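Engineer: So you can see what is in the structure, the chains are spelled out below.
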Amino acid sequence: MIVRPHEHWLSRIFVWHGSVLPKIFSRLLLNFLLSITVIAMLPWYSSLGVKLTVAPFSILGVAIAIFLGFRNNACYSRYVEARQLWGQLMIASRSLLREVKNTLPPDTDIASFVRLQIAFAHSLRMQLRHVPQEPTLAKYLTQEQLTQVLAVQSPANRILLLMGNWLAAQRQQGALSDILFHSLNNRLNDMSVVLAGCERIAGTPVPFAYSLILHRTVYLFCIMLPFALVGDLHYMTPFISVLISYTFISLDVLAEELEEPFGVENNDLPLDAISTAIETELLQMNDETDIPAKILPDRCYQLT
Amino acid sequence: MIVRPHEHWLSRIFVWHGSVLPKIFSRLLLNFLLSITVIAMLPWYSSLGVKLTVAPFSILGVAIAIFLGFRNNACYSRYVEARQLWGQLMIASRSLLREVKNTLPPDTDIASFVRLQIAFAHSLRMQLRHVPQEPTLAKYLTQEQLTQVLAVQSPANRILLLMGNWLAAQRQQGALSDILFHSLNNRLNDMSVVLAGCERIAGTPVPFAYSLILHRTVYLFCIMLPFALVGDLHYMTPFISVLISYTFISLDVLAEELEEPFGVENNDLPLDAISTAIETELLQMNDETDIPAKILPDRCYQLT
Amino acid sequence: MIVRPHEHWLSRIFVWHGSVLPKIFSRLLLNFLLSITVIAMLPWYSSLGVKLTVAPFSILGVAIAIFLGFRNNACYSRYVEARQLWGQLMIASRSLLREVKNTLPPDTDIASFVRLQIAFAHSLRMQLRHVPQEPTLAKYLTQEQLTQVLAVQSPANRILLLMGNWLAAQRQQGALSDILFHSLNNRLNDMSVVLAGCERIAGTPVPFAYSLILHRTVYLFCIMLPFALVGDLHYMTPFISVLISYTFISLDVLAEELEEPFGVENNDLPLDAISTAIETELLQMNDETDIPAKILPDRCYQLT
Amino acid sequence: MIVRPHEHWLSRIFVWHGSVLPKIFSRLLLNFLLSITVIAMLPWYSSLGVKLTVAPFSILGVAIAIFLGFRNNACYSRYVEARQLWGQLMIASRSLLREVKNTLPPDTDIASFVRLQIAFAHSLRMQLRHVPQEPTLAKYLTQEQLTQVLAVQSPANRILLLMGNWLAAQRQQGALSDILFHSLNNRLNDMSVVLAGCERIAGTPVPFAYSLILHRTVYLFCIMLPFALVGDLHYMTPFISVLISYTFISLDVLAEELEEPFGVENNDLPLDAISTAIETELLQMNDETDIPAKILPDRCYQLT
Amino acid sequence: MIVRPHEHWLSRIFVWHGSVLPKIFSRLLLNFLLSITVIAMLPWYSSLGVKLTVAPFSILGVAIAIFLGFRNNACYSRYVEARQLWGQLMIASRSLLREVKNTLPPDTDIASFVRLQIAFAHSLRMQLRHVPQEPTLAKYLTQEQLTQVLAVQSPANRILLLMGNWLAAQRQQGALSDILFHSLNNRLNDMSVVLAGCERIAGTPVPFAYSLILHRTVYLFCIMLPFALVGDLHYMTPFISVLISYTFISLDVLAEELEEPFGVENNDLPLDAISTAIETELLQMNDETDIPAKILPDRCYQLT
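Protein chains in written order, with my numbering: chain H, 0 to 303; chain X, 0 to 303; chain B, 0 to 303; chain V, 0 to 303; chain P, 0 to 303.
Calculated directly from the structure, the hints in this document are not laboratory data.
The model shown is predicted, which means the values in this text are computed figures rather than measured ones.
Do not rely on the hints blindly, as some may be mistaken.
Each pair may be met inside one copy or between any two copies, as identical chains are not told apart.
Derived pair list, reagent style SDA-like, types lysine to any residue, alpha-carbon separation capped at 25 Å [claimed, not checked]:
no., residue 1, residue 2
1, LYS293, GLN152
2, LYS100, THR146
3, LYS293, GLN283
4, LYS50, TYR234
5, LYS100, LEU149
6, LYS293, GLN126
7, LYS293, LEU149
8, LYS100, ALA150
9, LYS293, PRO204
10, LYS138, ILE38
11, LYS138, ALA272
12, LYS293, ASP106
13, LYS293, ALA150
14, LYS50, ILE35
15, LYS100, GLN152
16, LYS293, ARG3
17, LYS50, VAL130
18, LYS100, PHE13
19, LYS100, HIS5
20, LYS100, ASP289
21, LYS100, ILE12
22, LYS50, ARG170
23, LYS100, GLY173
24, LYS100, GLU198
25, LYS22, PHE207
26, LYS22, THR141
27, LYS293, GLN132
28, LYS22, SER45
29, LYS293, ARG114
30, LYS50, ILE222
Okay, chain H solo, but in the shape it has when bound:
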């Protein structure tokens, strides 16, 4: 995620880092070169009776813009939902620990429960980013817990089960009444909602054909655009063609980034920063002192 400070409106036009420009620069250059070729070839193919006008491209351009708008909206919704789920994880983590601290007897070993909570957040992050989990989880789990967690399809869900076991043990010992156990258990259910929600977003892309149709029409449109413009604009063709292509291609590329919000591209969610914030929050609530350093954006305003 980019957390760029406000700049002058004029200087913002020329931003390079953090934009999708670096990624699509070669495609725009290709479009520019194609436009120049088209200008050069104009006399030849005009003599063949081949001609293209802007009017049909106007229909096509507006139609593509409309469909692209809806698709970008769909991809952005996934991004927003993913962020909301991580926000809910923060909420559930705080509420769970607050309830645990407020209801269990003072001599309970809450620190080990906090470790499980932190492990859940990191495990979910690593599961979504396909990072090996063992090194990180070993810091928070006992060896026995670690073995159980790494053996299953969804490690985060097993951690949830371990948290449930911990609470059940408290209930067995009479430290929790059924009503309070029920309440704490609902917080675990909230975390289960976050887990399965993230798995769903990560595992179910926007229907492939939806992305493909727009990808295809956008690029075919941009390839044919110089031919349509050259009759009217002549020497100005490359500039206008690149400008229009930029508008369409950059939004197509951005939609692809937003579609998978858990990646590590420029416009993806800063899961490292969020999971560390959850860890800090939980440790501070339990008045522990070994707090991890806050993750800050790098020199390119990039937060991971």
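With chain H's structure known, arrange chains X, B, V and P on it following the hints.
Structural biologist: Just chains X, B, V and P now, with coordinates in the frame of chain H:
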């Protein structure tokens, strides 16, 4: 569902499998041939004083694009909601089993309850895909249960009732307090929400007239398009006509696929994979060892 | 509701039943005749210096299409919400009966409670469709109950009160603890949500001015369209004018149907089928044998 | 709110009452007169070399239509949410009274509680419409209650507190267990949601700049439109200019009405009717006989 | 937030304060001057064979308008959600205090709990606006509480923990049963939802590339617009160019304001007024007399 790896933007333009192209190829070919006929007939019907221009088609094209955008959005919403419902089934299944394991005495026969949970997921899948349920359910249910389940309108709902009976029996035996029974029962209600939600999506299509109006206008528009373009574009007519037709027809066809997300077409939900994932998850949570193999995409990246 | 099987894309263009075509045929015919008159009158009013071009109609057409798109979306949302409410009624009915069966002693007269539940679904349907309720309700309610129910503003709400009374009586007899009564009572609240939601949709139309503005602009646009097209298209005017008018008028008419989803028009919800399905479901859950026949679509694929 | 019966599509075009036409008639007339002036002045300013064409107005018109569409959607969402909140008040009122009647001993003075519930609905309505509350509330509250209620910032919230006090008194007397008190208290929370939701809609308009930008561009567009049209349309300019202006201005004006749904304009919510319906419902549920008359639409189909 | 009274439609066109005009005036002036330069240079670059027409700008303009519409919608959603979260804080604050007053023994020191509630609202506001918290919080918290609160990452969350401690102490003393503690604790969870929701909106902007692409295309479009218009409009170019630029640039700037709703710009949320209203409400509910003055809009209708 297609889970295609990222490819080069250029090669993606030529993707054939997994797109809707194979389905609409013949229609686009027809459009191409019609365009050629129109070019050939141009002198004849020009002499009759018949002429069409692009301008009115621009109004029509933009209007259809707008309506198609809204309708595609409506169909995509059904797809998203269907996927969310199955995600909720994963959530409820995990939470239910976690609560059962954490609250019931250690000597309870939880395995038989897990069988009911797995049977629910498979039964729902088979109900939505109109597959005969007996062979699969026989693996998870006793003969008596099976008879009851197959006798009713909604087998999955009867399985839910059996799960309720099982919990009620635990309560009768004093293994569950009222508050914990209430909590577990709420998880059954969550599964009831999933069941009725899926039945609703499967049973209530987007209003037929909505689909029909857009289907009709899209095809009439595409049929008349060559006549409108030929005056301006002449020899280029077939190419532009096919490109515009592709944009509109492919989105119309995709909307039809997304409208019924429980089917087995390219862009439908991978219910086989999801219900098997639920089964695996539940078996692993109960530390059982006979885990079904994970369903992977086939060679065409198709996941069912 | 139309539940039409999939047909060939070509034959679907010519569908008559179930579309809005029969309803708007006369208006399109009028548009066709007007177009012919306009062609005939062209020389006369051209000589008066009156002329219309397509360009301003392009602005108007696109603007109307955009507003119509948003309004159709609003009307479709009402349709979707109405269907979801009835889905929630199915959910609440099933959950309520499952909880009642699982928590009350085996000798309870559950059948009379099921009668109340079924009466609620039918009463809601009849209230929404303004059908006299006495004949149907008499099948499910005692004479005393019937008198109470028919005396009030909202019969379905009185049935809900009777269900509450029945549960309260069980609690008074000690058959239900407070926590279980609370849980069952929440299901009644869910049914209250459905009831008031349906009353809201039925009682509060889309703001009249919203419908009116679009109705008016659509028809004025279609009336003036032939005058704008005739200069460019001449003999082709009637065909293009009718095609564009069909696109706009059919969507305006469909929006009106969807706006009131509880009616009995082609694209309204099949409340008869849904309420009968609820009845069947409840009777089967209680293992009763006198099940009503399933309501199937008629020869025109129409389900009421 | 207008509850107009269905009319013939043709006669609906000429509706005057209930539309926004009366409000904007003078502006459309001004536009008409301006158009005539423009026609008269055409030779003079053509000679100055001043000319306007439709093409740039097409960009502007479509852009404004798109933004207006989104803004109207935002305003309509407020209207819908406001209506839903009042629907939730109906739900909470019914559920609260049903639970009170079903759980409290038969000799409880429920009538005084019903008075508080009715007072809440009326107080909320009067607070939203800035009507003096004392005369109406005096009918339902004791003198002591009235003094408390009128002394605070939000009278309706104080009534909620009084209802809470009443329930707390029942609990103190042992008539309500904690679990049932908790359940009833949740209904009060539901009413609190309605209260704060309505206050939010009433107190936070759509951002002023959003309304202003569209207001300004719509009117500047309409003022300049005749200049752009006159070159092409000449004598037809006034008619087309007024038609296009009507489309844009009427939607701008309607958006302003919907933005504040609690007013007493044509398209605002019928709070009088809704709050009276709630009163009737509660009195009938408590089997009281002094029911207020139902509020019906007036001769212009207007319901307040 | 601007709370401007209704004005005549004509005078509203000329509003200056509260609009985004002051902010973008220099950019529009630049556009105006550029247009004049373009007119002056027209003969020169026409002789070079450079020419631009409106047609390709029409495609670009409509595409940008569509994307801008969607992006503005996304930013407006953030504004609406932020306002809803503060509305939920009002709801939770009222409900929490009502429940506390109704369930705790009369001799409880509720005033100190009210101080914590007020401190939460102010702390959240100051956290979102990056204002030093110590001076304000010192009014509501004891020295010991203050030290704890200022030591952590999220002061508001620590206040929530203190509220939980207070309630837990009541439960320990036997003043609260588990069920009532659970109920009150749920209100704290509601406040936790508000807290994390606001943190999320403040910490996660709309993806930077989304804002950037539209910013860039809007300004490039406006810069090139005079070149495209000058051929058709000549002397009228500056006026039309500024009008179109105003439409696009003002919406781009407004979207930026709405994107961060917790700031102190014209169109941001009036957090001062809202948090003071919450304080007033809570003090009045507890029948205290030292009520802060209501915050009213300033002379420019601005409410902070």
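Engineer: Of the hints stated earlier, which fail here?
Structural biologist: 10, 12, 17, 18, 19, 21, 22, 26 and 28
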